[in-house]
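Novice: We have chain A already, so just place chain B on it with the hints.
Number of protein chains: 2
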Amino acid sequence: VLINKSNKENKLNKMFNANSIAIIGASNNPNKTSYQILKNLIDGAYRGKIYPINQKENEILGLKAYSKITDIDGGIDLAVIVIPARLIPETMKEMGEKNVNTAIIISGGFKEIGNYELEKEVVETANKYNISFVGPNCQGINYTYNNLCASWPLITAKGSLCIIAQSGTVAATLGTWAENEGIGATGIVSLGNKTDLNEMDFIDFFLKDENTKVIALNIEGFTNGKKFMEIAKNNKEKDIVVLKPGRTEKGKKVAQSHTKSVSGSDVIFDAACKQAGVIRAYSITELYDYSKALGLLKKPKGNRVMVITSSGGSGILATDIFEENYVEVVDLNPELSQKLKAELPSHCVVSNPLDLTGDTDAYRYEKCVNIANEYDDIDMFLLIFGDPIPNACNVVSSLKEKVSKPIIVCYLGGGEVEKEETLSMHRNGIPVFPAPERAAKAISILSRKCKGSD
Amino acid sequence: VLINKSNKENKLNKMFNANSIAIIGASNNPNKTSYQILKNLIDGAYRGKIYPINQKENEILGLKAYSKITDIDGGIDLAVIVIPARLIPETMKEMGEKNVNTAIIISGGFKEIGNYELEKEVVETANKYNISFVGPNCQGINYTYNNLCASWPLITAKGSLCIIAQSGTVAATLGTWAENEGIGATGIVSLGNKTDLNEMDFIDFFLKDENTKVIALNIEGFTNGKKFMEIAKNNKEKDIVVLKPGRTEKGKKVAQSHTKSVSGSDVIFDAACKQAGVIRAYSITELYDYSKALGLLKKPKGNRVMVITSSGGSGILATDIFEENYVEVVDLNPELSQKLKAELPSHCVVSNPLDLTGDTDAYRYEKCVNIANEYDDIDMFLLIFGDPIPNACNVVSSLKEKVSKPIIVCYLGGGEVEKEETLSMHRNGIPVFPAPERAAKAISILSRKCKGSD
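Just so you know, the sequences run in chain order A and B.
Letter by letter, the first sequence follows residues 1 to 454 in this note's numbering.
Letter by letter, the second sequence follows residues 1 to 454 in this note's numbering.
So here's chain A without its partners, still in its complex pose (with noise of 0.2 Å):
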């Protein structure tokens, strides 16, 4: 069977908007992946049919347990594999057999431990029966808009973020943070040893997914990078963000011997990705700001921006981090800084950055964007919270609606109002950060992909 182009898309719409998964290796046990994995999709509340397969047990997690899947009447879009590698190959038979030809082999023990020849033959069975497959040796598949975590740990917030990683464990902290922010994401894929679905299967689906506005990638060695490339490029609706290590000699070694592929210079990487308009991440950290915040706001005209701040000193900190970043702290023209004036308290110095100073409320931010958002020298805001400051989030939430300018938050010092208004903000879009550095590095990324675009 020829596994053509069209032939994997359909494949992966159905992986990720399966309505019927088998769990292969289904256990009672918890302290087991695959127990791990059931539960996740029933408490990630997968609306889809859930088969449980296991040799000897007649229930699971309170779902009907079956000894094979040839066994199963209904039909399967998704197996999700869980048992002993060498157990593979005679189960994608069955497979077969059951007409199921997509997969997810979480389990390990092939080529990542040199055992080249049993991965082999789990993709000529695969290729005899028209199976598609993501792993061996991965964390899973999770795409939030079908309730569909076949993943660890469990991640159910809706968003426009999507993660393909080939570490499992970057994966899952992306995830995690996405989750905890309540910033969500659609997909988040393990890639694991990448033996048939690579990475450039999963962008193919994520550039056409309609949630997805960002993909977050984090790669050890291109399966084809020149492909990559092309497809970055010719991309012009979303942003791939990407980390990928191997910078250093030494990390290059370690990197080729973990994924057993040789990757080029760095010095070449770095150049194609400006050309391609790919963004590069140099940290999880960074991967996971820069994302959120190309994942919910829109690209600035320029890179002059406007800091309004309750906190003089974080104003500074951001200032610098702006400098070093090709940022414009932009000095406010005359006309503007007298409407300013007009409207602050006396004791507010009005410069650029703005400090409100201390005693501020929500609304003096309100005030200040308002007025500011006439003038054309301003292309976006970044509006520091550096106290307790209740309302932070309605007021940020409207001036977003009426404000055609990105604004960016910094929120920090604050406690537990702090903690609130974080969230709402990120569950009405609006991304916050927790330190002036880190928002100000975010910005410079959104008006860096503006300036390569003019």
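Hints were generated in silico from the structure; no laboratory data involved.
All values reported here derive from a predicted model rather than from experimental measurement.
A portion of the hints provided could be inaccurate.
Any copy, or any two copies together, can satisfy a pair, since identical chains are not distinguished.
Said to hold, decoys possible - Subject to a maximum C-alpha distance of 27 Å in a straight line, what follows is the list of computed DSS-like cross-link-like pairs (lysine-lysine):
| hint | residue 1 | residue 2 |
| --- | --- | --- |
| 1 | K64 | K226 |
| 2 | K233 | K111 |
| 3 | K158 | K419 |
| 4 | K14 | K68 |
Specialist: Just chain B now, kept in the frame of chain A:
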């Protein structure tokens, strides 16, 4: 009255170890700062006497209120002043009558808004009545070992980290992080305008404070930069980490306008820091991370690290950051490799980073550290838990007792297990970082410091 050094020292002792506090301007209105401070003293289980001063109320938060400080019968060690700026000189006169000679002036409305006259009057009155004061225009002080949170937000966790910050928001942010993570603090000082007591006074105090191991300093302009460097250089026992914005031209301009002080070249400051053994941080996150590592760990003998991880991808990410920051991810010597191979399952490839793979439990880490600890070519360990691995805290705590080399932990992608284990480890004095890059950078600081003192 001559305010000599030992006089000041006595006063700072009295301030931080105060047995009785008057809150001048205490209020029943929960939206007022003065209410919040009083509440934090009470909720923070302050054991001394608290006297709210308010001309209109009889009782505030269950405590008897007094019209003026002179109405109180007992002695007062510390006055917290939260009244309009213009009323402060008169209040200081009453403090003088009552022989109260330490104060925190929270109120703003002085130099920072151009009101130099009033600030001068406050200084003169303070001198006349032998009063030393923090602020004005500040966020107060906190000394956890006296349960004294005369500040906000409420921070009570005891630790080894002292925070001295020109920015009240930076102080509050670091304090909150230390509280939430369970690592705690000794003291937190918001310097404000530094009109009387300045950073040097507090650095002097906390260098002598037996609970303090590291000082995290955020400063926009030094009162006496030369003296600071001298004291830092002569101090052999404790670490000082400094975050001083104004690195860029624009940042310097904003800092100078905010603090009304002129600061010199950043290149010269940087050189002076290196000479004096002061560690520089370039962001609030770095200031926190470096202080946390230095506050909890001994110095390694050299800069050679062994990385033990359940997540291959995270190991690679850490390797890049190490290489970029002069930490050697050392090749394992053949004898050590042999011993590890004999102990580990065959699917673990023995190298550095050592990938224990996703099926590891915490005890596999223990085994490896115990073996590798015998080898002199390893100076420290980074343990990366990249999955929900239980018992990490038990294992690392017991290793900490036996192993002389510093152990730093990175825990990520571990969901609820991660949350619990991280908090427990922090409470046991083990530094845990939520991403490999942050752990690796903190380690690079530890080993840089060790090289400097060689």
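Novice: So which hints don't hold here, by number, going up?
Specialist: 1 and 2
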